[in-house]
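Kindly produce the complete structure, drawing on both the sequences and the hints.
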Amino acid sequence: MLVTIAAMESTSTYWKPPFYCLEEVMEVWLLNAAQMKAVPGRKTDVRDAEWIAQLLEHGLLAPSFVPPPPIRFLRMLTRYRMQLMGDRTRECIRLEMMLEDASIKLFTVASTLTTVSVRVILAAMIEGERDPVVLAQLAKGKIRRKIPDLAQALEGHFEPPRVWWRVLISTGEWSHACTEEVQRRAA
Numbered sequence: 016m017l018v019t020i021a022a023m024e025s026t027s028t029y030w031k032p033p034f035y036c037l038e039e040v041m042e043v044w045l046l047n048a049a050q051m052k053a054v055p056g057r058k059t060d061v062r063d064a065e066w067i068a069q070l071l072e073h074g075l076l077a078p079s080f081v082p083p084p085p086i087r088f089l090r091m092l093t094r095y096r097m098q099l100m101g102d103r104t105r106e107c108i109r110l111e112m113m114l115e116d117a118s119i120k121l122f123t124v125a126s127t128l129t130t131v132s133v134r135v136i137l138a139a140m141i142e143g144e145r146d147p148v149v150l151a152q153l154a155k156g157k158i159r160r161k162i163p164d165l166a167q168a169l170e171g172h173f174e175p176p177r178v179w180w181r182v183l184i185s186t187g188e189w190s191h192a193c194t195e196e197v198q199r200r201a202a
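Residue 16 is where the sequence shown starts when you use my numbering, and the numbers rise one by one after that.
Keep in mind that the hints were calculated from the coordinates and are not lab data. Please note that the accuracy of each hint is not assured.
Stated by the list, open to error - Straight-line Cα separation of at most 35 Å, DSBU-like style, residue types lysine-lysine; simulated pairs:
# : residue 1 : residue 2
1 : 120       : 161
2 : 120       : 157
3 : 120       : 155
What the hints assert, rightly or not - Using C-beta positions, here's what the derived DEER-type ranges look like:
# : residue 1 : residue 2 : range
4 : 108       : 192       : 18 to 24 Å
5 : 34        : 117       : 51 to 57 Å
6 : 105       : 32        : 27 to 33 Å
Note that the structure is a prediction, hence the values are computed from the model and not measured. C-beta: ideal position from N, C-alpha, C; glycine also.
Below is the structure:
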């Protein structure tokens, strides 16, 4: 007798490797454990495989939806992108809190701390520039219209270890670059 269909109970993520291997050579059903338990009968860990086979043979089970590989890949990219965006947001909040602790109100003038102007200004601050007017002149684009406000926002006490700031900024930039790469692949 030729096996034409395989059925397995969905348990956490343990079902994925055998399912993905078998789906290449035969029809595979992923079964909802709650549905199987609802069918009257004796079910123990020892008899699981026999029980699944009997229920399947008598047509008492229906498969759960498992998307095809291209959709699974797209879902994986989408979930990873969401995680990266969350990482990036946390890094921005951390940066904003550190600037706030240094009495630097950059976020009151700039729409976001991820703009080119803000990154250039922060890089100059890390390298030792402290003059708010000089820092404000580094602004690019629309924010240049706010140079007086920007200079005032940059007055503060920026003296934490430079290494920490470099790590914080590079982590945010890495997260941004990864997010863009994932978006490019998902398109």
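Checked hints:
1. 120 with 161: Holds. Residue 120 to residue 161 sits at ~13 Å (cutoff 35 Å).
2. 120 with 157: holds (18 Å)
3. 120 with 155: Answer holds: residue 120 to residue 155 is near 18 Å, not above 35 Å.
4. 108 with 192: 18 to 24 Å: At roughly 19 Å between Cβ atoms, residue 192 and residue 108 fall inside 18 to 24 Å, so the hint holds.
5. 34 with 117: 51 to 57 Å: Holds, since residue 34 and residue 117 (Cβ atoms, about 53 Å apart) stay within the stated range.
6. 105 with 32: 27 to 33 Å: holds (32 Å)
When the structure is compared with the earlier hints, no violation turns up for any of them.
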